[in-house]
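Asker: Take a look at the letters that make up each chain.
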Amino acid sequence: MSATAITARPEARRRASRLSPPLLIAFSLGAFLVLSAVRTLTGGYDLTSSGTVAAGLSAAVPIGLAGLGGLWAERAGVVNIGLEGMMILGTWGCGYLGWEHGAWPGLLLGTLLGAAGGLVHAIATVTFGVDHIISGVAINIIAPGLALYLTKVTFAHDPGGGQKQSPPINDAKSITLPFSNSLHTLENKHWFAVSDLAGVLGGLVTRLSLVTLLAALVFVVSAWILWRTAFGLRLRSCGEAPYAAESLGVNVYKYKYIAVIVSGACAGLGGAALAISAHQFRDGQTGGRGFIGLAALIFGNWRPGSLAAGAGLFGYTDAIQLRSSSAVHPLLLLMAIALTLVAVWQWRTGQRAIAGIAVLIAALAVFWYFQTDRVPDELVGTTPYVVTILVLALASQRLRMPKADGRVYRRGEGG
Amino acid sequence: MSASPGAAPVGLAGRLRQRYPLRSLLLGLAAPVGAVLFAVLASAVILSLGGHSSSTVFSTMLKQAGRPTPFVDMVNQAMVYYLSALAVSIGFRMNLFNIGVEGQYSLAALGAAYVGGQITGGGPLHLVAEVLVAVLVGAAWAGIAGVLKVTRGVSEVISTIMLNAIAVGLGSYLLHKLGQSSGNNIQTRPISSSGQVPGLSYAGTHAKIFGFIFVAIAVGLAYWFIAGRTRFGFRIKATGLNESAAVASGVNVKRMTLVAMLMSGGVAGLVGLPELLGQTHTFSQTAQSGLGFAGIAIALLGRNSPIGMALAAVLWSFLGKSANQLDFIGVPREIAAIMQGVILLSVVIAYELVRRYRLVLQQKDVAAQLAAAPAAPTTRTVTV
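Sequence lines, in order, name chains A and B.
Numbering of the first sequence is given in my numbering, commencing with residue 1 and proceeding in unit increments.
Numbering of the second sequence is given in my numbering, commencing with residue 1001 and proceeding in unit increments.
Calculated from the structure, these hints are not laboratory results.
Among the hints, a few may not be true.
Said to hold, decoys possible - Now the in silico label distances, taken between C-beta atoms and shown as ranges:
1. R398/A with R1358/B: 39 to 49 Å
2. N1185/B with I123/A: 57 to 67 Å
3. R398/A with A1222/B: 37 to 47 Å
Just so it is clear, the structure is predicted and the values come from calculations on it, not from any experiment.
We put the beta carbon where it would ideally sit given N, CA and C, even for glycine.
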């Protein structure tokens, strides 16, 4: 077999399994037009208002960073269920330094504590070969206890602090771009598509927190490192075929350690960002966002771009529920449309049964839409999880996680 | 293995010694004991960093276990943990990681409380209906993950994590829909006396041991019997240990996966019942949470053995309950949660180390035997 044949095959497979950029743009444009059509028809202005988009963006940051943490670890073959615990360490770290010294030292300590959580996970899973899920569960048990213990022995008696919370943390600086006012005017016209676009853009550029910018930077840098550098290639090879990587001289232990520590740092940063946007550390603040990050990772098929899209989607549903629960109602129609598209695609690939199930769920969503005026708040909060289950159930052949993800690796024991 | 086949062991002690050699027994104990000692050490360090006296803390906790009321509390908590651990370990036997016990038991308890509250009279059937509903709801919720696993190959870890979170939202929605408000709380209609399980009195306290303890013991016995003494249990274990070998011997892995998941969920459904039927008689948002994750820890600590898990459940409940007293001496009670987590992490590390050490010992034994009998024909075939 010639060298070109070896390299050509994965290339072809990749092209087949990923959407080409024009198709992706067309898809996003179509989704946007449908969204603005639903907004216009139902009068749910909050669907695309700048306020919702801004709130969604700041809700997406911790989710996205947790998901990014998952991406680092799982790309190196270590499943990190402990993201939630590492996020909690991050929120506490931010509270500890943040209330006295401001947001940035808080962010730094939060990131470091998250990294420390990652180090524990790495020691357990990489050095001792403990099952990854078990170690993650243990970290999720230790972290909230540790954070609450430390709260009680540190800042509980400082002004504004309490048994379960830190004193208030000052906000990080935010920037507003000059043209945001005119966008706002345009948004209030409620024109089809134009006002929606203005609302989305306005939400993105008005009072944009520097923490959000930092998160975006971390995302871009991570994606670049993982997919465009030799270091990233080696790291990902540890997640796909560790023994093959070992045979080529890659120090798999080292790469796994780095990946899991960075993973914890990302989660810690996400936790710290959460504490800053809430202006304090509170017990139970993360509320399962580490798990939503994991959901975003799966939704995004273990790739940074679609992971960010997943985080954005989940942050958006979170924000829209808080701003106006009646605005969630039209989302049922959107879900039905998405499911119908899935059904069409699955039918064409020959998966008739799955297409049928997708249509059935879509019909139920439409039925639900016409039977009720609003979706109960309690159920809106479950959106990320329901979407992830639907993706797993209806589109799992498109998902491809790293091959050796979650497997215990011991040097020199490859078959 | 090393005993010569001719010499039959004499008496019970001899047979026990043959089945459980002393060295193996000590190694088996080394891991959990070592982990607990390490956790004590680690928490002592954390306590002294926080400026607390660790000896006062530990003696306060130990004293607490001797008092009647906290003791009853611990027993009650331990039986709940035990049920949760049993549910998790059914999955473990087949290499299934049921993280979803949390969601399964909360929905099951809600269902049982609702149905129990609707029924009046009916005698023992009332109780049967409640337990049945709980088991069915738990099994159904776990069944979603099971079906996704066998039809679409979805990892049960991921799907049960998602189902846990959905259960939280769904549970609170259903509670608002089905419940009635009482004060600030929303709860289901209280269960009448025929649907309650009477408690057992304990000398020196008004607190009662939940009557459900007999059910917990019965489930433990059934687990021991099914897992260790039946063909079904053997097949589950075989599938968990070596799936392709199990397939070759005629096991339908998909069906077994689904059945194991349903059974795990069914037992998980029982987790909320001791408290519901023995004490609160109604389901509200103050119902205990986090039992599913404790169950995972206890199943691991007890290594899926019915007795090991019972001991681990008692330890877990001792740590959790006796720490309540610590608030009175100015020490945050969360130190117990830290200890629990550290025990879990260090016990799995210790088990792994012991496993590796055993391999080394076995290799040494073989090497020693081969060296002692150089003329034996086996030496040529051994390749280490």
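Asker: Each hint needs a verdict: does it hold in this structure or not?
Answerer: Each hint tested on the structure:
With their beta carbons about 43 Å apart, R398/A and R1358/B fall inside the hinted range of 39 to 49 Å. Judged by the Cβ atoms, the range 57 to 67 Å given for N1185/B and I123/A is violated: they are separated by roughly 43 Å. Here the CB-CB span from R398/A to A1222/B is close to 42 Å, well matched to the stated 37 to 47 Å.
Hint compliance for this structure: hint 2 alone is broken.
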